[in-house]
Each structure stands twice: as C-alpha cells, then as structure tokens.
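Residue numbers (the numbering used here), protein chains in the order written: chain H, 2 to 374; chain A, 2 to 374.
Simulated from the structure, these hints should not be mistaken for laboratory data. Just to be clear, a hint being listed does not mean it is correct.
Since copy identity is lost for identical chains, a pair holds within one copy or between any two.
[What the hints assert, rightly or not] Below, computed lysine-lysine pairings styled on DSS-like, alpha-carbon distance capped at 30 Å:
#  : residue 1 : residue 2
1  : Lys117    : Lys9
2  : Lys201    : Lys117
3  : Lys45     : Lys329
4  : Lys92     : Lys238
5  : Lys52     : Lys20
6  : Lys201    : Lys144
7  : Lys292    : Lys29
8  : Lys373    : Lys145
9  : Lys348    : Lys45
10 : Lys10     : Lys117
11 : Lys373    : Lys10
12 : Lys10     : Lys52
13 : Lys358    : Lys29
14 : Lys117    : Lys145
15 : Lys144    : Lys9
16 : Lys20     : Lys362
17 : Lys201    : Lys179
18 : Lys22     : Lys10
19 : Lys145    : Lys197
20 : Lys373    : Lys117
21 : Lys57     : Lys268
22 : Lys92     : Lys373
Number of protein chains: 2
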Amino acid sequence: MDPVKLSKKLGGKIEIRSKVKLTSGNLKFLYTPGVAEVSRAIAKDNKLSHKLTIRKNTIAVVSDGSAVLGLGNIGPEAALPVMEGKALLFKELGNVDAFPIVLATQNTEEIIEIVKNLEPTFGGINLEDISAPRCFEIEDRLKKEMNIPVMHDDQHATAVVILAGLINALKVVKKDIKKIRIIISGVGAAGIATAKLLLKYGAKNIIMVDSCGTIYEKRSNMNPVKTGIAKVTNLEKIEGGVREALRGADVFVGVSAPNILTEEDIKCMSKDAIVFAMANPVPEIMPERAKSGGARIVATGRSDFANQINNVLVFPGIFRGALDNSIKEITDAHKIKAAEAIAGLIKKPTSGRIIPKALDKRVAKAVSRVFKK
Amino acid sequence: MDPVKLSKKLGGKIEIRSKVKLTSGNLKFLYTPGVAEVSRAIAKDNKLSHKLTIRKNTIAVVSDGSAVLGLGNIGPEAALPVMEGKALLFKELGNVDAFPIVLATQNTEEIIEIVKNLEPTFGGINLEDISAPRCFEIEDRLKKEMNIPVMHDDQHATAVVILAGLINALKVVKKDIKKIRIIISGVGAAGIATAKLLLKYGAKNIIMVDSCGTIYEKRSNMNPVKTGIAKVTNLEKIEGGVREALRGADVFVGVSAPNILTEEDIKCMSKDAIVFAMANPVPEIMPERAKSGGARIVATGRSDFANQINNVLVFPGIFRGALDNSIKEITDAHKIKAAEAIAGLIKKPTSGRIIPKALDKRVAKAVSRVFKK
Chain H
2 MDPVKLSKKL GGKIEIRSKV KLTSGNLKFL YTPGVAEVSR AIAKDNKLSH KLTIRKNTIA
62 VVSDGSAVLG LGNIGPEAAL PVMEGKALLF KELGNVDAFP IVLATQNTEE IIEIVKNLEP
122 TFGGINLEDI SAPRCFEIED RLKKEMNIPV MHDDQHATAV VILAGLINAL KVVKKDIKKI
182 RIIISGVGAA GIATAKLLLK YGAKNIIMVD SCGTIYEKRS NMNPVKTGIA KVTNLEKIEG
242 GVREALRGAD VFVGVSAPNI LTEEDIKCMS KDAIVFAMAN PVPEIMPERA KSGGARIVAT
302 GRSDFANQIN NVLVFPGIFR GALDNSIKEI TDAHKIKAAE AIAGLIKKPT SGRIIPKALD
362 KRVAKAVSRV FKK
Chain A
2 MDPVKLSKKL GGKIEIRSKV KLTSGNLKFL YTPGVAEVSR AIAKDNKLSH KLTIRKNTIA
62 VVSDGSAVLG LGNIGPEAAL PVMEGKALLF KELGNVDAFP IVLATQNTEE IIEIVKNLEP
122 TFGGINLEDI SAPRCFEIED RLKKEMNIPV MHDDQHATAV VILAGLINAL KVVKKDIKKI
182 RIIISGVGAA GIATAKLLLK YGAKNIIMVD SCGTIYEKRS NMNPVKTGIA KVTNLEKIEG
242 GVREALRGAD VFVGVSAPNI LTEEDIKCMS KDAIVFAMAN PVPEIMPERA KSGGARIVAT
302 GRSDFANQIN NVLVFPGIFR GALDNSIKEI TDAHKIKAAE AIAGLIKKPT SGRIIPKALD
362 KRVAKAVSRV FKK
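Just chain H, with the same shape it has in the complex:
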C-alpha cells in the first residue's frame, strides 16, 4: 500500500457523519425551527453545551506544523495528514471525535489567542507537533486560560508511555527508580516532560543530554526550559556527551536522533541495562546491537521490534476519561495513574514484553478509568 496513493483515493482519512438519517419528518427537529429549543436551553445555561452538542465528545487536534514527526518545520498543510491520522486513532481506540486544526501562524501569542477563541466548539484540546520551547509556553498558558482540558500530546502522552514501560522494565530487573541513574537523550518536548514525570514518580538521578552534551546548571547555550530542568537534574554536574553520561547508567531513554549510540556505549552502562531507543523511524541504536552491547531490556518506537513504546497507548484513553468525567485539567497524578494502569495490564512483565501492543483494546479503557471521580 502506498500512503500517498491511499490518501489520494480517500481524499482525507476521516469524514463528518450525521448520527441520524435526514428525513422530511425529522428536518424540523434536527434543524429549524426545533433546533431553536436546544439553542435557548444552552443560552440559559452554557454548561449544557457539554451535554447537548458535539462538545460532549469532540476535541481539536491542533498543530502549527512546526515540528512534525521527524520531518521538522514542514508547515500546516503538510502536517494535516498526520493530524488526520491522529484523529482516526482517537476515534478508533477511544471513541473520541477528534477534528484536526492546522494553523497558518507559528506565532506563540497568535496561536494562544486562536485556540482560546475555539473553546466554545470543543470539549478538549490536544496540541500536537509544535516545536520546543514554544510548545511549553503555549500549553502552560492554554491550561491556565481555558476551561477545558488541554494536553500537548508529544510531551505528556510520550512521558506517560515511557513511565509505563519503565515501571515494568524495573520490575524485570528488580531495581528501584529511586536508586538508579537515568539518561535522557533529547531535551525537546518529550524529553523535558519525561524527566519531569519520572522525577514526580520518584527518580532522583536523571541526566539530560542535548546535541551539545549534558545539561547542568550554568551551562552555556541553554533556553529557559533547559535552565529550569538543569536545577533538578544532573546534580553532580557531569560534563561531556551522551557517552560520558552513560557510564554506569541503569536506563537510557532516547527521544532524540538516529544511530547516536554504539555497542561500546551500551557496554559502559551498569548491569541489567534498560535501553529505550525511541527515535523514529531509525532508533538511537538498533535493538540487536543494544542487546549485543549487553542491554537486558530494549524498547523502541517501532512496531516491528519487541516492546513498542507508542504514545497511542495514552492519548485516546486520556481524553476518553477527561470527557466522560468532565475533567478540566489533566494533572501529574492522572498521568502517573495512567502509566500504572498501562503497566498493570502486563501481569508478568518479561524482558520481551514490558508494555501492551499499540492497538490493545483494553488500554484506552484502563487509562480512561483513571479519571473517575
């Protein structure tokens, strides 16, 4: 199957459908004059829009096309097929109606204003493929200034699924998250959110590495987000590249670039090393090489290897739960419970199976239950 030909044939992967067939008998209930009664009811009590309209089950998947997959800043039109795919996954896995919105602006303030003004249409906002560090400010501001749940998927869905995998991987190797050293390669949206969530979950020793080397306080060439994370990671201020950081480390989490690690690098890690090499489509190190370097557990973002760590395990259930329970904010507590719920679906984790399959139907349900009040 050629994805371009498929897209041409389909003309978009999703469509809008009526929930009821239009007849000359029901026209007056579905549209004028009957619809005026629904409008009047909502005009009296705006909150009813969450029960009587598409807001009950509809979110926006919003992108400016500035950081799409591994393709970079390819613009909104080129981002649209990805957002359609996301919308398709939301529906198929979480029964959430998701509509893609790609924006012609990459100005932070303009994006914030537009998304705020879209609030009356939607029950939630899933931000997608917006470049760091702009994505942090956009998400923070929208969470504060909107009354519906907002989540930047690349940050939090990724962080949750990594934590889920790590919970089970640590069970296999019998290590305690409080006592291990974790290296995170990549200090963009996913890396920052993962570090923060692992710290919340109890990790004490995380070292982050970007393309200039390890992050530590007062390093040069840092944006405000990196300066912030430097205050709570790499407290020993280890300098150098990813190789230096990896010496004696227990866990490597890669959300960065293809082929940056060698077998030799893995050999320098501690016993029972855990390697999550999630750059897509080419990981930081191929699984067979990580294994031959001594890694006990290897995961990637790909479906053709064992242990696929894919955020599709997270976002459908998050919004399913948030919509069903009228949740206004997706908190760290929700995210940690979601990771535990996903990990809990694997009753006896092994090195070859730390996480459910990407399309496992149980997952969205398990995640959504986390939001029950």
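For chain H, the structure is supplied; the task is to place chain A on it using the hints.
Structure of chain A alone, referenced to chain H:
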C-alpha cells in the same frame, strides 16, 4: 420528538468517522511511519493538500453566535446546535464534510484573523449567523484575503433561493423583473444581499424598508451599508413605512419580523401580487391572510405551507460545486446561474409550486453543476 431530549441522547448530531477500519496491518500506512510520505509530498507542493487531505471535501461552518435564527445574540455555545444542524444538511444533501466552528469573540478583526489562520485546514468557509453590518466586512475581507471560497450563507444562499422563487413566480404572473416594483422588508444580511442580487439580475425598482421605514439617500439613522444600498434603491425617495411602500408594489420580500403586515396592506399592492413572507418561524403575514388580501402567489420559510423558500436548497450545492471544481471565489454570476438552475427544476411553475421541496435530491446536483469550468 423533543429536540432537547434528542440532542441529549445523541450528544451532538454529527460525529467524526474513519474512512477505513484501523488494523495492526494498516496502522503504519494511516499513521507513522507511512504518513510521513504524504506529509513530504505536500511539503514539496502545498496545493496537494487539496487532494490528499480532508481539505478536498471539508469546509468550516463558522459563527460567533451574534445573530442566531430569530434568537439574536445568544453567543457561540448556544449557536453550536444550529451549526451542527447545518453541517448535517451539508453532508446529507451535498456530501460535503462540514465542521462547525463557533468562536468566543465577536470582535470583527479577531474573527477575520482567526478564520484566515484556519485556512490550511479547510477547502472552504461558510459563515453563518453573524450579525449585520459586521457580517459584510468580515465576508468582504475574508474573500479578499483568503485563497479558498468564502460565503456568508445568510446573505447569499438566501438571496439565491429568493431569486429562484421569484424567477418562477414572475413566470406565473407573466411580469418582467425589469418593470416591477419590489419591496424588501429587512435590511440585514439577507435583505441587503437579496437587493444586490435582484439588481444584478435586472430589477430596477427596489425599495428597502427597515424598522424605521423606507431607506433612501440621506435618511437619518443609517449604517454605511444602508447608505450604500440607498444609492441604488428607492430612486423616487418614497418616505414612510412598509405600508406606504407597498402601495402599487408587485412583489413583497420579507426577511424581517413576524406579523408586520395585514390583509389591508396586501390589498394596496398591484394585481397578481407576489408575497414572500419569510420571517421564521412566524411570517410577516400568514399565507391565508395574504391570499385573502389578494396575493396571487405566497411563499414562506416554513415547510407546513406551500412554496417553502429555504436556503437549504442552495448552500450544499454551492460548496459541492466549489470544492469539485477548485473554485476560489463564488461570484454573482455563479449565484444567478444557481438560482436559474433551481428555478429550472420546476418545469411548469404554478402559484402553488414555484420552488422544489427542501430535501429534493436533484437540487444540490443542479446547483453544483453551475461551477463546472
């Protein structure tokens, strides 16, 4: 059927559906990594987004909730059920995927900026239920500043369907549009657009009437749009209310308020008078009273009387045709041809049948053909 209960049961009248069933086999084509090929193709040539994504068949139905049905400024949340109904009609009658967007702002400049920034998502913009005179500036600016078709439905779909009805009504009474006097009651979005289209079609003698009386040059209490239309209507500068204007008139078109006319008013019109009393749900005069006042042809906006003049006959076909033929601007020529196409579906018009039924499946096809290049 209670519309509020129905909405509660449905939780919105439309949903997002995947066009293909997700399987572990096609995930990699519908989403990562395969979707990257579609994104790369569009990044090379943005115009491909009109072929490879939902833009091919998707428009936005945009409202700020400032002039909803006859309910007035009830706000965006309360407008949403109406926009959903519109989206449903677009799909059922024109097979156009239409997504409702209701905005939290009623500021003209902000609305223009937001809609412009939504352009990469959509193949067209249907503006809806935005109050006059703001609707004129918003539509004019968006038409100039966007590269996809933009139409304010309340103006143009209404004008087209009125012209369609009038074409057949004039055939029945054997009068020439160039020689008749037409009174238009209501100088909002629909009234202004109707006057302009009838003038384009050849009408010479139109008198517009608002709640302060007839419109004429240098009348007090006029907005710039009324000042503009005063230059090309009521050239005899007839003063007074709708009663005075109606004396000797051939056609009354009401897009105004319930029960403003009496039998006596109709009696003052010329022989074979045509009365389109389209205020909703209560017309300017009830059909039986207009008839007993001497009107030869009476139409309303309601489905429970003969001759329902409903803009649902227009908008699905307009956007079906615009999308299929990559039309960037919906012109007056398109609108006139659309009206003629609708009128042409009634082979032998009679006083009881000047216009096709609201859900006549032939109509959208006939209208869409107008756009063939």
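Check: Hint numbers the structure violates, sorted upward?
Finding: 4, 9 and 21
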